[in-house]
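Trainee: Letter by letter, the chains look like this.
2 protein chains.
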Amino acid sequence: MAHPLPLHAYRMGIDTHEEALVYMRKDCAICRAEGYTANTRLQIKAGERTLIATLNTVAEEILPLGKIGFSESAWEFLNLQTDQEILVLHVPQVYSLSALRKKIYGHSLNATEMSSIIRDIGNRLYSDIEIAGFLTACAGGRLNCSETIALTTTMVSNGNRLYWPEVERVFDKHCIGGLPGNRTTPIVVSIASAAGLVIPKTSSRAITSPAGTADTMEVLTDVDLPLEKLRKVITRTGACLAAGGEVGLSPTDDLLIRIERALNLDSEGQLVASVLSKKMAAGSTHVLIDIPVGPTAKVRDQEQAEKLALLFRNVASGLGLNVRCVVTDGTQAIGNGIGPAEEARDVLSVLRNEAHAPADLTERAVFLAGELLCMATGADRDQAQQQAREILQSGQAWQQFRKICDAQGGLRDIPVASHHIELRSTYAGRLRSMDNRRLARLAKVAGAPSSPEAGLRLRVKVGDMISEHQPVATLYAETSGELAYAREYYHQNRDLFNIAPMDLPLSNVEQLT
Amino acid sequence: MAHPLPLHAYRMGIDTHEEALVYMRKDCAICRAEGYTANTRLQIKAGERTLIATLNTVAEEILPLGKIGFSESAWEFLNLQTDQEILVLHVPQVYSLSALRKKIYGHSLNATEMSSIIRDIGNRLYSDIEIAGFLTACAGGRLNCSETIALTTTMVSNGNRLYWPEVERVFDKHCIGGLPGNRTTPIVVSIASAAGLVIPKTSSRAITSPAGTADTMEVLTDVDLPLEKLRKVITRTGACLAAGGEVGLSPTDDLLIRIERALNLDSEGQLVASVLSKKMAAGSTHVLIDIPVGPTAKVRDQEQAEKLALLFRNVASGLGLNVRCVVTDGTQAIGNGIGPAEEARDVLSVLRNEAHAPADLTERAVFLAGELLCMATGADRDQAQQQAREILQSGQAWQQFRKICDAQGGLRDIPVASHHIELRSTYAGRLRSMDNRRLARLAKVAGAPSSPEAGLRLRVKVGDMISEHQPVATLYAETSGELAYAREYYHQNRDLFNIAPMDLPLSNVEQLT
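As they're listed, the protein sequences go chains B and E. Mapping to this note's numbering: the first sequence position 66 is 66, numbers consecutive. Mapping to this note's numbering: the second sequence position 73 is 73, numbers consecutive.
Source of the hints: derived by calculation from the structure; they are not laboratory data. Treat the hints with caution; some may be incorrect.
The list cannot tell twin chains apart, which means a pair is met if one copy fits it or any two copies do.
Unchecked claim - Calculated cross-link-like contacts (lysine-lysine; reagent style DSBU-like; alpha-carbon spacing at most 35 Å):
(1) Lys403 / Lys229
(2) Lys307 / Lys26
(3) Lys461 / Lys403
(4) Lys102 / Lys45
(5) Lys67 / Lys26
Since the model is a prediction, treat every value here as computed from it, not as a measurement.
Please work from the sequences and hints to get the whole structure.
Mentor: What follows is the structure, given as structure tokens:
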């Protein structure tokens with residue numbers, strides 16, 4: 001039931017990020033006849049393409065009569081031409097919203113209901129508010145195993161899939177995160193693929209952290225590769241280190257992640273579905289999951305880690321995937337850099353076997369690569385880790401990493417931030433602990449990951465004896481505004497470095513350099 | 001930490017409803033220096049007033065250099081003048097968001113945490129997405145009694161309060177809704193105030209229903225009364241029948257209701273907090289709560305009704321309010337009209353004791369007025385109901401209603417819809433039941449409550465024998481588009497009138513008249 005009078009497309013030049021908005025004049029015949037007002041949801045039809053958008057009504061000065069304005073993302077989604085004919089329709093009833101309400105009221109959903117929600121989100125029938133309701137209703141362990149399986153399979157079928165008919169086993173690894181700086185993936189992928197495993201790694205960007213693997217790799221090479229290019233990289237090297245978004249693997253997950261980020265939410269069932277849907281869509285058969293545990297990591301204790309590992313195994317088994325979960329030490333940041341560029345520096349120094357390379361990052365990467373080799377060969381753990389270490393120390397991993405970067409578009413120099421501050425201790429003492437969450441927050445406040453150069457370089461490790469005025473970290477930012485804001489955050493959170501004995505006052509000072 | 005360069009206010013003429021948006025050029029020095037992109041949340045300072053708004057970045061054609069554009073609601077909230085100097089600041093850390101995450105993850109909040117969330121929502125520090133997360137996390141019975149008390153008291157303290165120092169007891173009544181057409185309030189208030197009770201009734205507009213009491217009363221008289229006017233009405237008549245919004249009673253509740261409406265959500269704890277915060281802020285001491293129960297009413301069974309009544313009593317007792325809950329029959333619509341204008345017709349016919357007045361609406365109003373008189377005088381129930389009936393039948397209630405309307409701005413004629421359709425039955429049979437939710441939805445699809453004339457007039461009651469082609473209802477709409485859309489909805493939901501024996505096919509036809 002479209003209104004018989006068509007309107008003509010007009011590009012407003014307003015960037016609303018992902019939210020689709022259309023703009024119509026208050027005095028427009030359609031608004032008046034249909035009773036449309038600001039915030040009405042409308043179905044927009046342009047040729048064969050349709051979209052549900054939210055209406056903003058506008059004064060006559062900014063939109064010519066007979067036109068309908070589009071936000072940038074709506075314009076691009078509909079692939080519009082200026083003055084193209086547009087039909088405006090009432091929004092069709094979104095039947096899955098009754099399943100959403102059922103979930104919000106605390107009831108479990110069957111596979112049909114869960115699939116209908118995910119399909120409608122994928123078709124952009126949900127508003128941001130409705131997606132926020134769905135994610136909140138699924139948080140806090142309220143998504144059960146069969147719901148998670150339905151969620152995952154629908155997300156896979158909503159997007160592209162990669163197939164590897166010539167390869168029997170396709171490997172992947174994933175760290176569930178929460179540890180700033182824990183950038184093992186580029187090293188592990190280089191070791192594993194140097195050992196002959198096929199490991200086409202696509203990563204997402206940061207959700208709530210200061211950097212995701214895709215953000216860090218983007219500092220070093222191209223990561224947004226179209227599907228054809230990606231296939232070439234993998235055929236040439238047995239691996240890739242790309243961003244998942246461009247390939248269209250589980251694109252609905254990206255719609256969910258956008259709202260999870262706005263809510264600063266990262267729930268268990270969504271996490272499992274997000275990870276496994278990307279792996280399934282990428283055609284993986286064997287997946288290693290790294291679960292770091294620590295009081296300020298994403299997973300706080302062994303019990304929670306085991307619960308998460310069980311959910312991963314149960315869902316994976318329902319999907320026919322081979323999954324191994326390992327629980328690792330998550331008590332402090334791994335490596336010294338936090339933020340895309342600073343983490344990239346650590347990755348290169350480990351791959352190049354440089355003397356100052358952070359030993360903890362090296363050890364973690366060797367351990368995880370060893371676990372992958374175990375899964376592949378059935379060799380015992382010690383033997384597999386020895387093999388991984390030799391590949392790294394011999395330079396084969398570094399050679400392989402360069403090969404992957406060359407195939408993706410060439411290895412780039414790491415940029416340097418425009419501004420930095422040293423953070424120094426006032427008191428001498430032992431560093432008792434550091435707060436991962438607030439370290440991550442500090443790097444984000446400084447601008448990471450949207451400014452790749454922004455972040456932190458840690459100068460100390462837990463257990464270190466620290467003298468007075470010793471630098472504990474360097475803070476990097478791209479703008480003076482962000483640097484000032486991060487400094488203010490640090491002022492309010494000095495105890496994130498717990499460097500004194502319990503009975504002494506804690507204090508740090510920072511100096512502009 | 002404002003950026004040192006001020007911008008100047010520019011009215012974009014874009015109506016975004018309640019959501020505050022600001023528009024800045026992509027090439028603006030502040031965006032570039034601070035790294036602001038579309039969807040960044042910003043703090044905006046204009047003189048002494050501040051607001052948190054979401055940024056949309058725009059092309060240079062639609063915004064002059066040095067200007068910052070505002071959506072209509074942001075412009076009005078800040079009370080701006082053209083070219084007024086504006087400072088753009090980073091958003092201060094919203095500390096209550098960590099309490100929100102705690103709630104989302106399924107933990108209970110203490111009074112301080114709950115208050116901090118509500119205060120920050122009231123100060124417009126939350127985005128729509130974050131409010132949706134909060135409401136979803138509290139839905140499905142996940143708000144406990146002490147959380148509800150904290151929620152309620154903070155909502156009361158966030159707004160204006162009415163005080164009645166000269167009156168010992170101030171009465172109020174509230175129906176928790178779900179029954180289309182159940183418009184007893186104007187009748188009950190007229191009877192009770194004619195009997196000498198002080199009952200300053202403020203009502204909200206519809207949340208998920210086709211009409212709230214404020215929507216219906218607005219058909220008959222002015223309901224958006226400033227505080228001073230409201231006081232005069234109450235002093236003159238002992239009562240009022242106004243909308244709550246204008247008076248600023250519990251304004252945070254209105255911010256929550258806007259998102260509840262978008263989510264089509266109406267949760268138990270929020271419901272109790274919403275009702276009791278308005279009552280407390282209005283200075284009520286004695287409140288009657290009507291809980292209709294039926295398979296398609298908001299409350300579906302006796303057990304749920306008792307649970308809700310218990311929550312009402314517990315929260316009220318924590319707040320020092322005297323509350324009586326009554327459970328009433330909610331198996332079918334009350335009265336014949338559904339939608340603001342059609343319900344107003346029923347209210348007037350009952351008050352005027354007209355022969356065709358719907359008997360069920362009369363009886364329900366007399367019952368509830370009797371319960372209020374019981375609370376006031378301690379008389380026995382039969383006696384109190386007899387008194388209520390006499391006040392109605394003698395015309396005192398009608399006289400009192402006119403007095404209230406005169407004081408509020410005069411009694412108006414009820415408007416007539418531009419379009420209507422008769423819905424007729426094809427088969428003869430007995431009306432076994434009707435579906436309240438889908439009746440309400442049908443009236444909403446036809447345009448109620450935003451078109452007050454839109455809605456339904458029922459021609460039959462459950463239990464009636466219906467002959468072939470007998471009209472079962474008339475459908476009203478203001479635009480042909482809405483009429484067509486409602487007709488399509490009815491086509492897909494013919495069984496909402498269950499008029500045939502179980503073993504016969506059900507069918508209705510409608511004709512354009």
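Trainee: Take the hints in turn and mark each one as holding or not.
Mentor: Each hint tested on the structure:
Proximity of Lys403 and Lys229 under a CA criterion of 35 Å is satisfied intra-copy only: 15 Å inside one chain copy versus 79 Å between copies. Neither within a single protomer nor between protomers do Lys307 and Lys26 lie at most 35 Å apart by alpha-carbon distance, with minima of 54 Å and 46 Å respectively. When the C-alpha separation of Lys461 and Lys403 is checked against a cutoff of 35 Å, the pair qualifies only within one copy, where the shortest distance is 33 Å, while the shortest distance between copies is 78 Å. Taking the shortest alpha-carbon separations for Lys102 and Lys45, only the intra-copy value of 31 Å comes in at or below 35 Å, while the best inter-copy value is 42 Å.
Taking the closest pair of Cα atoms, Lys67 and Lys26 come within 35 Å of each other both inside a single copy (12 Å) and across two copies (24 Å).
Checked against the numbered hints listed earlier, the structure breaks hint 2 alone; every other hint is satisfied.
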